[in-house]
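Since the structure of chain A is already known, use the hints to place chain B on it.
Protein sequence lines, in the order shown, are assigned to chains A and B.
Straight run, no breaks: the first sequence in the numbering used here ends on number 264.
Straight run, no breaks: the second sequence in the numbering used here ends on number 345.
It cannot be assumed that every hint is accurate.
Think about it this way: if two alpha-carbon atoms lie no more than 20 Å apart in a straight line, the pair counts; the simulated SDA-like pairs of lysine to any residue are [to be verified]:
#	chain 1	residue 1	chain 2	residue 2
1	A	Lys88	B	Arg237
2	B	Lys100	B	His280
3	B	Lys15	B	Arg291
4	A	Lys57	A	Ala101
5	A	Lys124	B	Ser13
6	A	Lys88	A	Ser23
7	B	Lys100	A	Lys88
8	A	Lys124	B	Phe17
9	B	Lys100	A	Val97
Note that these hints are calculated values from the structure, not bench results.
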Amino acid sequence: MRLEVNNISFQYSSERTIFRNLTFSYETPGILCILGSNGTGKSTLLKCLLHQNHIQKGTIRIDGKEVEKYRPRELARKVAYLPQSHVPSFAFPVIDVAMMGRTSRIGYFASPGKNDRAVAMDKLEYLHISHLAEKPYTALSGGERQMVMIASALAQEPELIILDEPTSHLDFGNQFRFIKLVEQLHDLGIGVLMTTHFPDHALYLDCDTVILHNGGIIASGNAHDVITDANMSEIYHIDTRVIQLNGRDICVPF
Amino acid sequence: MMSNTSPKRFLGTAALILLPLAFAAVSMLIGAYHTAPDDIIRIFIGKITGDFGGVEERTVNLFWTIRLPRIAAACLVGAGLSLSGAVFQSMFKNPLASPYTLGVSNGAGFGAALGIVLSLGTVGIQGFSACFGLVSIGITFLLASRSKSGSTTLVLAGMLVSALFSSLVALLKFVADPFEKLPQIVFWLMGSLSGSSQEKVLYILPVYFAAFLLIWLYRWKINVMSMGDREAASYGVNVKFDRAVVILAASVLTSMVVSISGIISWVGIVVPHLARMIVGPDFRKICPVSVSLGICYLLIIDNLCRTVSSSEIPIGVVTGIIGAPLFMYFILKKKVDW
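The following block holds chain A by itself, in its conformation from the complex (with noise of 0.2 Å):
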């Protein structure tokens, strides 16, 4: 899957312009990490690229078709998306919380069914979370939550998982697991663009990043290349370096 964003801008209203003249393109099942700090609307760019916000300004095609004429079910079996750290309402099982992501693979009026269940099942299972299978969903940690909307996501057997800043409310073990499982899903061919927080997690994945800054994209490449001392130091505005560890690039505030 092709994704091509063309010179888009967005504004929430006429006084508050979010980012503008933004181009990037990106294929699967590359992994692609949005940095910047807090307010430089990553989160709104990726609702831009789900059509969830609509751009005043350039396009944004999935496979040369521009993003707004795909039908919601239509897009949902190419991309599934998890919003930052969700409050659950109700008690579902786990189960059927991952079977909600069967939801664009089924008819429009239809319930998932015996196969639908085996498919969440198997998602469980890969992640290593099955025998939370019939636990309520409120009931869990925020990490298996995680999980579970992983799970969810994987159902729905999307050729690009979008995430939104998922590590935030992910313990110091858990932040690395998590970033593990991007390069495992990386390797299954599914591709993974995410927003971040963390320069390290981009380094570490050794992947495409685009660095979003003052409404423009101030750098993109490899991580290695773009999150550089003069570039972190400029968007989070404290002194930062980025020094080798072990044959590691980390990246340190002084």
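Same frame as chain A, but now just chain B:
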């Protein structure tokens, strides 16, 4: 569908179907005019064969024109209010949401009051009530469609429309003839099944079942939408459109019900909660359980209304007196867990 296709599940399904049937059968025996069980069987046989086996014609007529329509009305009202309440609770993710949240009841009440003031007769009153119920839904959706922010705006718009029609009802009460019309209006607003007739029930059936079917078709998507707008959208649900259809169907269902029964309170809150307590949040299960329990609940209460005292007690009063403490119990026992 579930992995535990156990005897327990089979028994549950059987109870869901048999319980309302049993209650309906018992209700046929209850009433001011005594009818023996074997007479009822003869009446049903007679309807097909033409031979009533010696049952008095008066009894037969009474059964077909008064008692059966009333039982049918109780079933339709109980099922309709419970189902639509369950929809509203899931869609608004709010334990206090009820079939009347969007102001359908006041719109329908205004229609009925207007019909009474204009001396339209029962069918006219029912028609006016149904129409104004639908009009109030229309205004609510029109107001809400101007905004992007979804269900909160819809509830707010519903409250506004509800307040407007409630004032108009007050105005009609004020101008209505205090000896003849006013008691009629008050009685209608309290809710009652005493005026049920074959026509009243038959008129609402097509729209009623259309709305009912639509909600059933959406049973899975209601689950998905109850996860949140953004989540549902990422699962490929056209949230704006599908939510509007579901809420519209539930509102239309309510306004059909209100047009035959008046405003019966609390059924649409208490019964869905009870269903949720028993089967959990899955709407595919809440839907049949709510319908079944709603029918039983309303049949029991209507039987009480018909028999406890020599004159009818308005059913809306009884459902309130029973429903409010029941709801309090759910809250104190933490059974209402959101």
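For each hint, the structure was consulted:
no.	hint	verdict
1	A:Lys88 / B:Arg237	holds, 17 Å
2	B:Lys100 / B:His280	holds, 12 Å
3	B:Lys15 / B:Arg291	holds, 17 Å
4	A:Lys57 / A:Ala101	violated, 27 Å
5	A:Lys124 / B:Ser13	holds, 16 Å
6	A:Lys88 / A:Ser23	violated, 30 Å
7	B:Lys100 / A:Lys88	violated, 29 Å
8	A:Lys124 / B:Phe17	holds, 18 Å
9	B:Lys100 / A:Val97	holds, 12 Å
Checked against the numbered hints above, the structure breaks hints 4, 6 and 7 and satisfies the rest.
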